[in-house]
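One letter stands for each residue in the lines below.
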Amino acid sequence: MKLKINKKILAKNEDCAAANRKFLKDKNILCINMISSPGSGKTTTLEKTINMLKGKVNIAVIEGDLQTQLDAERIRATGAQAIQIETKGACHLSAAQVTNAIHTLNIDQIDIIIIENVGNLVCPSDFDLGEEKRVVLVSVPEGDEKCAKYPKAFAKADVLLINKIDLLEHLDFDVNRIKKDALKLKKDLKIFEISAKTGDGFEDWLNWLTKTKK
Amino acid sequence: MHESAVAHDIVNSILAEAKNQPGKVTRVLVSCGQINALNDEVMQFAFEAATADTICQGAKLEIKHIPLKATCKNCSGEFEFDLYNPNCPKCGKSDCTLGEDAPLLLEEIEFEED
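If you read the sequences in order, they're chains A and Y. Just so we're aligned, residue 16 is where the first sequence starts under my numbering, counting upward by one. Just so we're aligned, residue 866 is where the second sequence starts under my numbering, counting upward by one.
Some hints could be false.
Stated by the list, open to error - List of simulated lysine to aspartate or glutamate pairs, EDC-like, C-alpha gap at most 20 Å: (1) Lys19/A - Glu972/Y; (2) Lys171/A - Glu882/Y; (3) Lys27/A - Glu882/Y; (4) Lys23/A - Glu882/Y; (5) Lys22/A - Asp960/Y; (6) Lys23/A - Glu965/Y; (7) Lys955/Y - Glu101/A; (8) Lys958/Y - Glu88/A; (9) Lys201/A - Asp966/Y; (10) Lys17/A - Glu977/Y; (11) Lys929/Y - Asp918/Y; (12) Lys23/A - Asp966/Y; (13) Lys934/Y - Asp215/A; (14) Lys171/A - Glu977/Y; (15) Lys212/A - Asp173/A; (16) Lys884/Y - Asp918/Y; (17) Lys42/A - Asp196/A; (18) Lys201/A - Glu965/Y; (19) Lys171/A - Asp966/Y; (20) Lys194/A - Asp215/A; (21) Lys148/A - Glu977/Y; (22) Lys19/A - Glu882/Y.
Just so you know, these hints were derived from the structure itself, not from any lab.
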């Protein structure tokens, strides 16, 4: 006997993500899901972002890692709120974990929540967390073929941050190649070239962030 | 896609549906898009692992890949979008408008007849 089901798979995560999105929208909080490989500079980018917007925009961070509180401690050292999710082996965050984290934060004063996903350019791109915007970050030492190799992360992103541009003079990284590859997959992708170490290029990224918040 | 999470979700949905069915599951049909895509080989393996010792054990898994329509902005040609080669097959340009990608769907479950 054949049963017609036509039920969405992973609907539970989608429902949970939709509830997160609604909750944050009602509170007028911009939520961003940041995805990248390990070691590309997500946490350093967030530290710089928080410090440069201090006094103007209040940012909180939800950190995802397999284990340790190291990243949340780095964020807290800036004075910002941070919640660490230790996934204990899971390679991505899911919407329900983010729900719990949101309700642990003191959200009254928060303008923007940035979720730093588990360092992984593959699995996190399949899981909606309830974010308003998705940012994919690639760093110069990783190589300019990242988009060609891992297209899905780019196809679903709103912003591409190219980090560690202070290293461009030492490495063979073709900025135009990765830009071209990424724009093939997402026509209206916003691209910012930054160095979280020197602060180069941050003006445009911070302008986008504060404008998107409004 | 994240095939093991997908496989577990399918099995949970089947078990919920199967409460009112007497027989074993013989066939399962799922469909996916091009960005929401499943890898056949990995999915078959994950499905086998997730169905072990359940009423779905041994069931045949069929995966339907639904094309994603793209329209080239340069030559107006219509083509099926390939995430891993996003250029227009006619003129080679990459500037195109994408249709909506199909979601991951559990379409059908077949149970053995008495």
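So, going through the hints one by one against the coordinates:
A hinted pair counts as satisfied when its Cα atoms are at most 20 Å apart, and Lys19/A with Glu972/Y qualifies at roughly 6 Å. The suggested pairing of Lys171/A with Glu882/Y is violated, with an alpha-carbon distance near 32 Å, which exceeds 20 Å. A hinted pair counts as satisfied when its Cα atoms are at most 20 Å apart, and Lys27/A with Glu882/Y qualifies at roughly 16 Å. Simply put, Lys23/A and Glu882/Y have alpha-carbon atoms about 14 Å apart, close enough for the 20 Å limit, and the pair holds.
A threshold of 20 Å between alpha carbons decides the hint, and for Lys22/A with Asp960/Y the separation of about 33 Å lies outside it, so the pair is violated. The straight-line distance between the Cα atoms of Lys23/A and Glu965/Y is roughly 15 Å, inside the 20 Å bound, and the hint therefore holds. Taking the CA atoms of Lys955/Y and Glu101/A, the gap is near 48 Å; set against the 20 Å cutoff, the hint is violated. Note on Lys958/Y and Glu88/A: the hinted pairing is violated, with a Cα-Cα distance of about 47 Å set against a maximum of 20 Å.
Pair hint Lys201/A plus Asp966/Y holds up; C-alpha atoms about 13 Å apart against a cutoff of 20 Å. For the hint pairing Lys17/A with Glu977/Y, the CA-to-CA distance comes to about 9 Å; that is within 20 Å, so the pair holds. Restraint check: the Cα-Cα separation between Lys929/Y and Asp918/Y comes to about 25 Å, which exceeds 20 Å; the hinted pair is violated. At roughly 13 Å between alpha-carbon atoms, Lys23/A and Asp966/Y fall within 20 Å of each other, so this suggested pair holds.
In summary, the hint linking Lys934/Y to Asp215/A is not supported, as the alpha carbons are separated by about 40 Å, beyond the 20 Å threshold. As the CA atoms of Lys171/A and Glu977/Y are separated by approximately 40 Å, the hinted pair breaks the 20 Å bound. The hinted pair formed by Lys212/A and Asp173/A fails the criterion: a straight-line CA distance of about 23 Å is larger than 20 Å. Between Lys884/Y and Asp918/Y, the direct Cα distance comes to roughly 16 Å. Compliance with the 20 Å bound is thereby established for this hinted pair.
Restraint check for Lys42/A and Asp196/A: the C-alpha separation of about 36 Å exceeds 20 Å, so the hint is violated. As the CA atoms of Lys201/A and Glu965/Y are separated by approximately 13 Å, the hinted pair is consistent with the 20 Å bound. Distance restraint check for Lys171/A and Asp966/Y: the Cα-Cα separation of roughly 11 Å lies within the 20 Å cut-off, and the hinted pair is therefore satisfied. In summary, the hint linking Lys194/A to Asp215/A is supported, as the alpha carbons are separated by about 18 Å, within the 20 Å threshold.
As the CA atoms of Lys148/A and Glu977/Y are separated by approximately 46 Å, the hinted pair breaks the 20 Å bound. Restraint check for Lys19/A and Glu882/Y: the C-alpha separation of about 11 Å stays at or below 20 Å, so the hint holds.
Of the numbered hints given earlier, the model fails hints 2, 5, 7, 8, 11, 13, 14, 15, 17 and 21; all others are met.
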